[in-house]
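S.K.: These protein sequences, in sequence, are chains D and W.
The numbers in the numbering used here rise by one with no breaks, and the one at position 83 of the first sequence is 83.
The numbers in the numbering used here rise by one with no breaks, and the one at position 211 of the second sequence is 211.
Please keep in mind that the hints were generated in silico from the structure rather than gathered at the bench.
Here the structure is a predicted model, which means the values were calculated and not measured.
Every residue gets a Cβ at the ideal spot worked out from N, C-alpha and C, and that includes glycine.
It is possible that some hints are incorrect.
Claimed, not checked - The list that follows gives simulated cross-link-like pairs (lysine-lysine, DSS-like), each with its CA atoms no further than 30 Å apart: (1) K295(W) / K82(W); (2) K373(W) / K192(W); (3) K219(D) / K196(D); (4) K81(W) / K389(W); (5) K224(D) / K107(D); (6) K246(W) / K295(W); (7) K219(D) / K107(D); (8) K192(W) / K196(D); (9) K51(D) / K246(W); (10) K51(D) / K81(W); (11) K192(W) / K224(D); (12) K81(W) / K135(W).
What the hints assert, rightly or not - Pulled a few chain W residues facing chain D out of the computed Cβ check, cut under 10 Å: (13) P143; (14) R151; (15) R154; (16) D210; (17) I213; (18) K214; (19) L218.
To be verified - Only some residues are given here: those of chain D computed to face chain W with a beta carbon under 7 Å: (20) V58; (21) A116; (22) T117; (23) S136; (24) F235.
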Amino acid sequence: MPATKLSKTAAHDHASRVFDLDQMSLRELNQALHNLAPGSNETAWEVLNPKGNHSVAVGVDQPVTIDVRGSVGYYCGGMNSGSAITVHGSAGPGVGENMMSGSITVKGDASQYAGATGKGGLLVIEGNASSRCGISMKGIDIVVHGNIGHMSAFMAQSGNLVVLGDAGDALGDSIYEARLFVRGKVDSLGADCIAKEMRAEHLELLQGLLDRAGVTGVKPSDFKRYGSARTLYNFNIDNADAY
Amino acid sequence: MTYRNPPTTPRKSATFDDYTLSEIRRAAATGIYDIRGAGAKRKLPHFDDLLFLGASISRYPLEGYRERCDTSVVLGSRHAKKPIELKIPITVAGMSFGSLSGPAKEALGRGATLSGTSTTTGDGGMTEEERGHSKTLVYQYLPSRYGMNLRDLRRADAIEVVVGQGAKPGGGGMLLGQKISDRVAEMRTLPKGIDQRSASRHPDWTGPDDLEIKILELREITDWEKPIYVKVGGARPYYDTALAVKAGADVVVVDGMQGGTAATQEVFIENVGQPTLACIRPAVQALQDLGMHRKVQLIVSGGIRNGADVAKALALGVDAVSIGTAALVALGDNDPRWEAEYNELGTTAGAYDDWHEGRDPAGITTQDPELMKRVDPVAAGRRLANYLKVMTLEAQTIARACGKNSLHNLEPEDLVALTIEAAAMAGVPLAGTNWIPGKNGF
Numbered sequence: 001m002p003a004t005k006l007s008k009t010a011a012h013d014h015a016s017r018v019f020d021l022d023q024m025s026l027r028e029l030n031q032a033l034h035n036l037a038p039g040s041n042e043t044a045w046e047v048l049n050p051k052g053n054h055s056v057a058v059g060v061d062q063p064v065t066i067d068v069r070g071s072v073g074y075y076c077g078g079m080n081s082g083s084a085i086t087v088h089g090s091a092g093p094g095v096g097e098n099m100m101s102g103s104i105t106v107k108g109d110a111s112q113y114a115g116a117t118g119k120g121g122l123l124v125i126e127g128n129a130s131s132r133c134g135i136s137m138k139g140i141d142i143v144v145h146g147n148i149g150h151m152s153a154f155m156a157q158s159g160n161l162v163v164l165g166d167a168g169d170a171l172g173d174s175i176y177e178a179r180l181f182v183r184g185k186v187d188s189l190g191a192d193c194i195a196k197e198m199r200a201e202h203l204e205l206l207q208g209l210l211d212r213a214g215v216t217g218v219k220p221s222d223f224k225r226y227g228s229a230r231t232l233y234n235f236n237i238d239n240a241d242a243y
Numbered sequence: 001m002t003y004r005n006p007p008t009t010p011r012k013s014a015t016f017d018d019y020t021l022s023e024i025r026r027a028a029a030t031g032i033y034d035i036r037g038a039g040a041k042r043k044l045p046h047f048d049d050l051l052f053l054g055a056s057i058s059r060y061p062l063e064g065y066r067e068r069c070d071t072s073v074v075l076g077s078r079h080a081k082k083p084i085e086l087k088i089p090i091t092v093a094g095m096s097f098g099s100l101s102g103p104a105k106e107a108l109g110r111g112a113t114l115s116g117t118s119t120t121t122g123d124g125g126m127t128e129e130e131r132g133h134s135k136t137l138v139y140q141y142l143p144s145r146y147g148m149n150l151r152d153l154r155r156a157d158a159i160e161v162v163v164g165q166g167a168k169p170g171g172g173g174m175l176l177g178q179k180i181s182d183r184v185a186e187m188r189t190l191p192k193g194i195d196q197r198s199a200s201r202h203p204d205w206t207g208p209d210d211l212e213i214k215i216l217e218l219r220e221i222t223d224w225e226k227p228i229y230v231k232v233g234g235a236r237p238y239y240d241t242a243l244a245v246k247a248g249a250d251v252v253v254v255d256g257m258q259g260g261t262a263a264t265q266e267v268f269i270e271n272v273g274q275p276t277l278a279c280i281r282p283a284v285q286a287l288q289d290l291g292m293h294r295k296v297q298l299i300v301s302g303g304i305r306n307g308a309d310v311a312k313a314l315a316l317g318v319d320a321v322s323i324g325t326a327a328l329v330a331l332g333d334n335d336p337r338w339e340a341e342y343n344e345l346g347t348t349a350g351a352y353d354d355w356h357e358g359r360d361p362a363g364i365t366t367q368d369p370e371l372m373k374r375v376d377p378v379a380a381g382r383r384l385a386n387y388l389k390v391m392t393l394e395a396q397t398i399a400r401a402c403g404k405n406s407l408h409n410l411e412p413e414d415l416v417a418l419t420i421e422a423a424a425m426a427g428v429p430l431a432g433t434n435w436i437p438g439k440n441g442f
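So here's chain W without its partners, still in its complex pose (with noise of 0.2 Å):
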């Protein structure tokens, strides 16, 4: 009998990954840079680092299913004649009608109106599926302006200053050819079948100077009835909210590098940009120094998922949030019934994200006459409401939890962290402990 020296187990890089070995085999083949929707998949501090302290001794609760717990929200109340109410504190962000079929956007529209909710248009256009079933409907006024109408812009009922999204912040869209359907191509001006690129800056204005002006006309042209929000990708939060609350905004809108978006480059989604939880104390700040919080409304996304998060994010100053995966998720994107086609599509569902190819088997981010079908908007709208309501609910008792009788009383004080970045990011004392890394002196 032989002896054979014992094999060490095989091992592979912590650096160069299997994805990552994936990805450089990928980009050999191609030479193109991989392009997919969603936002960051990467591990990043979040939400889910937070814990809420409850009620205590020194702390009494609500009654469950007795006490009011408040969840309205009024956004616009700076400048707008016309405010607008919300009965919940968690929005359907802008998804463009081109990423998204016509069935999907009726989806949306229906699954917020019914939960006395806003939803967005996006980077395409305001169509009559969405506005005829959204009750309230935002209108984005983007850098491609692709769509954009002096009917429309009067008949939104708020209009959103896109200058950035958390997945891109700097980046313009991208929707490619496969989805450039006939309408899609008419409604943004454009020949069918190409690739669509849209600028990443607005072509009227540049700066917070210009952009006070621009607010300006947006508000002489609608009669200064619509509150107007400014959407920025979390980059800087602290100063972007600065300087879109001096440039006159009603609503500071911050994405989070975990918000989603229909098509951008995988180096873009998850190396620009900053998580959501490290958007929000910064956003939050800049509005206190200005004296300007709860004046200036603030909407935080990127990565809400339910009620904790919508509960954690108002605890730390937000006013409300939005979701976009989330909301697509609750309509049927990337549902393990379809497993058999995205395994022939070569994914698996949940991880689902060429949303720019158009083949999508949920029927969502296509513009496939037969795909599309399989939305059916009534039911997706229904199973979209349903989920607002959950989250609604929970973040209700959460807030009970720790005698709140409004969700907007939440405070940071009933939070603490599980980590010390999460304690930094979020501002609040690491679990077990009263030590918030950076303040103080440590």
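Extracted from the complex, chain D is given alone in its bound form (with noise of 0.2 Å):
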């Protein structure tokens, strides 16, 4: 990594690093994530320029911040495992795609499968997501501030989706055992998602969830939950037109 091209800034704490993608590459960016050794100082990184570019802080295993500034195109966060990466823009499709563990926060809009097949940490989109959000999640928590798309949780294992606007069609489809929870309406469920009982164990799990995403001023009672009705998990020939 050549000295000259990182630069500390006075506007930063004393540890952060600013990489510029407009004077340096992806590469040199992602590379220099990976080489962080646990326990490093170097704990507030910036990106500055990102200009959509794909693969922005991908696979990053310490717990730094990243505060990229501006839009990301595909994957950025990519099996994210610890790190908190805040998008200061939109991102494109596939953010934080299988993350691990740790936060992505994009302050704009999100395209297609944010967070698809993420087996953990919390993923909040400020605006809306687009289709197929959470597909196949497998542990991830997603907090949505607008509406999402079509598709959205298709397959979902595990984890929770908390949206605060509306969902699209075929929500939840084929869905197993993650829980999803909608305040506005939801123009269709996908086979086998059905809503189901809201409790007291679950207004707590949301609360929690609302209180980590940061959302405030919305009650967990004004969402609807909506989850497996298991019809589909042993086969059945009866059940052959769900499919």
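These two chains come separately, so use the hints to put the complex back together.
M.R.: Written as structure tokens, this is what we have:
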């Protein structure tokens, strides 16, 4: 890593590192993030001029904060393990795909497949998310302040998807054990996804998710809960029409 | 004495043969399509339909036991900082933990490692058994992403993006409830005992342009160290190969319809996809047209059984082959020693394919703790290594007879075909003629 390309600005914490993607390559950025040793004091990172680059800050496995000043392309924060990424713009497809832990916050909107197959951590979309939000999610928590598109939470296995706005068609199609909370209307539910009773434990869980996502002024009781009817868990020919 | 007209011999329909009739009765009784393991069982044009010419006045052979015949292959030299170097061009194909028992996965790792080759995870994540016992392990990146995680991605030696497989191009995975044990359920983040349906499409990319971006992400995550394979089922081998190359693959894996599956509908296995033999030349042609033959390596799988198959595949332009079903047989699958138990399951050794039911007498395709004890990973691994060694020696024998000091020097000119179909598919002359169907306007 050429030292001349690193800058430490007075405007930031002494340990912050600023990467300008107009000046440095994506490869250099990701390599520098991967080179972080446990306990490094370089805990605050800032990425300038992302300009829709794909794979910004992917595979980070240290508990650092990364502020991305602008919009990103595909797979920002992919497989994130422990870092806290904030995208000060919108995110392209697959933001936070397969996230293991940590958090990603998108200040703008997110494209398709936000949080796809995520195993853990928290993904917050402060705008809207497009189709297939939370597809095949496996433990991640996703909070969307706006609306989500069609086929969201398709084959969702585990974790929680919270939507303050509306959901598109076929929500939760072929869902397993993920929990879906939607405050607005749902255009339609997918195969084997049903509305479920919101019990005290769910209200408590939801409040915790809203708190973690920094959502205020919204009551858990305003939401409806959706999940699996579990009728497709074991094959039965009389359910064939559901497929 | 009364005269009786001579009867005709009872004649069964070729169309409605015994198997077909039994399937109609089974479907009528159960209301469920037939699910089974393994690949296509129907008779297909295959490597048996090709012959090597051997040496003659114009070609002289190498001395069988004196002159070296190289078998090594490097995979992933296009972009990866750390390409894989294998001693033999025969790899072990992806088979999941879940479909296979832990001891069986360990045995595959042991056998592959003893032989200087790689083995591959499957649709169930990476287990300690196989990582620990596999010197070179290819980590599959599948639509389901079961068990996919950053740590395992980084401790893999290569990554295989699975778009499809030969037994079911366009189909997703299936693992029935009997095999979803506590451990399998945990690795897949699923409830125990359910019939697991895994997706047929990747959740976060569609099409070749997205695939290019996905491959970029995987390279960035792993710092461009690891070879990235793209595996496709034998559907459109020319275009799939070309698109995989365009998307940035280091290695293209093409799996023909004889390639096995853990569990898929019989109708899918037997009616979708192309035979392995039909896939090779189009895939090689795509690489040649792009100027990428030998730069992007081609692995072919589906029905590879012996060194002759290996040599024929390589002669047609393949860089390496992969075995799955044959590797399981080497471990002990379908062994006649379990005949009495196969009979109890309504089948016979050699025909057992209900791998999804988890009752495998050989202890390989099961999660039953008692049955899986029947696989001794050390002994089974040794058998696999022996088998791989024999295949390699066989291929070398043929290559030397053709005058080649490397398996990769075998070429289509060394081959003829026994049937018009095989000649057309392989692009080699029909034996005794100089006719290649489809070439030169004929």
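S.K.: I'd like to know which numbered hints this structure contradicts. Please list them from smallest to largest.
M.R.: Hint check: nothing fails, all pass.
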